[in-house]
Amino acid sequence: MAHPVRLRMLSLLTGAALSATEVADELGISHATASYHLRALQAAGLLAIAEESAEGARPPGRPSVRYRHVPGTAPSAGDADGSRLAFEAMVEDLRRRHGAMRAKHLIADGEVWLPREAWEEVCRLSDRIADLVHEHATAPRARGTVHASVTVATFEL
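What the sequence shown shows, in numbering that gives the first Met the number 0, is residues 0 to 156, in sequence order.
Simulated from the structure, these hints should not be mistaken for laboratory data. Some hints could be false.
Derived DEER-like restraints, expressed as beta-carbon distance ranges [what the hints assert, rightly or not]:
no.	residue 1	residue 2	range
1	31	151	28 to 34 angstroms
2	112	140	40 to 46 angstroms
3	48	109	37 to 43 angstroms
4	154	49	29 to 35 angstroms
Cross-link-like lysine to any residue pairs, in silico, SDA-like; alpha carbons within 20 angstroms at most [to be verified]:
no.	residue 1	residue 2
5	103	143
6	103	150
7	103	149
8	103	93
9	103	148
10	103	131
11	103	49
12	103	146
13	103	147
14	103	123
15	103	144
16	103	136
17	103	132
18	103	145
19	103	140
20	103	120
Ideal Cβ positions, reconstructed from N, Cα and C, are used throughout, including at glycine.
Working from the sequences, and respecting the hints, build out all of it.
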């Protein structure tokens, strides 16, 4: 996950199963770059093959594959270097998204001390927000949708 394009891919593949060609077109990157990152995400267990077909495959003889993000998956929390790199990639992508911000927004941040019960409620609500985003994400540009950025980061210090 420790690459901004991989974070964008996971977001795209939360709402729809897409091929490397579709991901490349949506993100404005080469097919080779998309394929490379998709294979890395699949090897890490973050993507599943949602659909595989030999029809219309390019190059001939290679199956056409559509990938889907596996909800609830994340790199191991015990991997300190991986966690740091993923966080840095997230911060970089947040800068890109902030530059594209057009409408209604809420930004809240804090490093605070909370009673244990309040902290547990924050964690439950954060989980619910993440669940809602994953449950309702759709294919890019689907009719009646808005292009939105949602980031949830809660952790005990």
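Going through the hints against the structure:
no.	hint	result
1	31 - 151: 28 to 34 angstroms	32 angstroms, holds
2	112 - 140: 40 to 46 angstroms	43 angstroms, holds
3	48 - 109: 37 to 43 angstroms	40 angstroms, holds
4	154 - 49: 29 to 35 angstroms	31 angstroms, holds
5	103 - 143	17 angstroms, holds
6	103 - 150	15 angstroms, holds
7	103 - 149	12 angstroms, holds
8	103 - 93	16 angstroms, holds
9	103 - 148	11 angstroms, holds
10	103 - 131	19 angstroms, holds
11	103 - 49	34 angstroms, violated
12	103 - 146	12 angstroms, holds
13	103 - 147	10 angstroms, holds
14	103 - 123	24 angstroms, violated
15	103 - 144	14 angstroms, holds
16	103 - 136	18 angstroms, holds
17	103 - 132	17 angstroms, holds
18	103 - 145	11 angstroms, holds
19	103 - 140	18 angstroms, holds
20	103 - 120	25 angstroms, violated
Taken one by one, the earlier hints fail for this structure at numbers 11, 14, 20, listed in ascending order.
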